[in-house]
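Asks: Protein chains in written order, with the numbering used here: chain A, 477 to 592; chain B, 604 to 715.
Please keep in mind that the hints were generated in silico from the structure rather than gathered at the bench. Careful, some of the hints might be misleading.
[As the list claims (entries may be wrong)] Listed next, the in silico DSSO-like pairs over lysine-lysine satisfying Cα-Cα at most 30 Å (straight line):
1. B/LYS712 with A/LYS516
2. A/LYS547 with A/LYS485
3. A/LYS571 with B/LYS662
4. A/LYS520 with B/LYS702
5. B/LYS702 with A/LYS516
[Said to hold, decoys possible] Listing some non-contacts, in silico: residues in chain B with all C-beta distances to chain A over 10 Å:
6. ASN627
7. GLU663
8. THR671
9. LEU673
10. THR681
11. ALA686
Fair warning: this is a prediction, and the values are worked out from it, not measured in the lab. The C-beta atom is built at its ideal place from N, Cα and C for all residues, glycine as well.
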Amino acid sequence: DTAVSQTPKYLVTQMGNDKSIKCEQNLGHDTMYWYKQDSKKFLKIMFSYNNKELIINETVPNRFSPKSPDKAHLNLHINSLELGDSAVYFCASSKVGGLSYNSPLHFGNGTRLTVT
Amino acid sequence: SQKIEQNSEALNIQEGKTATLTCNYTNYSPAYLQWYRQDPGRGPVFLLLIRENEKEKRKERLKVTFDTTLKQSLFHITASQPADSATYLCGTTTSGTYKYIFGTGTRLKVLA
Chain A
477 DTAVSQTPKY
487 LVTQMGNDKS
497 IKCEQNLGHD
507 TMYWYKQDSK
517 KFLKIMFSYN
527 NKELIINETV
537 PNRFSPKSPD
547 KAHLNLHINS
557 LELGDSAVYF
567 CASSKVGGLS
577 YNSPLHFGNG
587 TRLTVT
Chain B
604 SQKIEQNSEA
614 LNIQEGKTAT
624 LTCNYTNYSP
634 AYLQWYRQDP
644 GRGPVFLLLI
654 RENEKEKRKE
664 RLKVTFDTTL
674 KQSLFHITAS
684 QPADSATYLC
694 GTTTSGTYKY
704 IFGTGTRLKV
714 LA
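Please construct the entire structure, taking both the sequences and the accompanying hints into account.
Replies: Written out as structure tokens, the structure reads:
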């Protein structure tokens, strides 16, 4: 059973289009995240949700809109795609979040987005 | 701002040797550090966690140390094998937040 699954694995689209990436976790975790990994492999946090509530929005353009319909799902919708949005997007989850806790992150295998 | 840095972008070593990767943090004191492994085309996978009051943690051929004076964590792989080749990331949360940040990663290549 896949713990954190993302779809699609690959996404090729043209500038200006709108696209969505879906994420589901079956671990019963409370906290979910979206990360962006650029061509230099740097993993940068975009959003964090805890119990369906947005906790972290890391100065991401408002063309990116996360939505958490329930604790197990965190989707990412991107409007008006730009060339610079090309990257690998990772969804992750953890049992709890915050400094007091140290539960590790469980990652999906990523969605490679290519904007042409 | 609170940062984590991994000094080496890439590291090549001979099979059988010990690989040592470095993670430095600045402008805060994390309560713990985590180490992850990332293979091409896959998400990072958690390996080890070390707390600030622990000097050392081991798991099979892996060893992690945490030096709060030097503001540094070292990750060692002993008796390295070509299968250990991957990118290794250190990460933690910034003070009092849900914000997990990662270092830039070190790409390790173990040569047969």
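Asks: Against this structure, judge whether each hint is valid.
Replies: Outcome of the hint check:
{"no.": "1", "hint": "B/LYS712 with A/LYS516", "verdict": "17 Å, holds"}
{"no.": "2", "hint": "A/LYS547 with A/LYS485", "verdict": "22 Å, holds"}
{"no.": "3", "hint": "A/LYS571 with B/LYS662", "verdict": "22 Å, holds"}
{"no.": "4", "hint": "A/LYS520 with B/LYS702", "verdict": "10 Å, holds"}
{"no.": "5", "hint": "B/LYS702 with A/LYS516", "verdict": "21 Å, holds"}
{"no.": "6", "hint": "ASN627", "verdict": "16 Å, holds"}
{"no.": "7", "hint": "GLU663", "verdict": "17 Å, holds"}
{"no.": "8", "hint": "THR671", "verdict": "15 Å, holds"}
{"no.": "9", "hint": "LEU673", "verdict": "21 Å, holds"}
{"no.": "10", "hint": "THR681", "verdict": "22 Å, holds"}
{"no.": "11", "hint": "ALA686", "verdict": "19 Å, holds"}
The earlier numbered hints are all upheld by this structure, with none contradicted.
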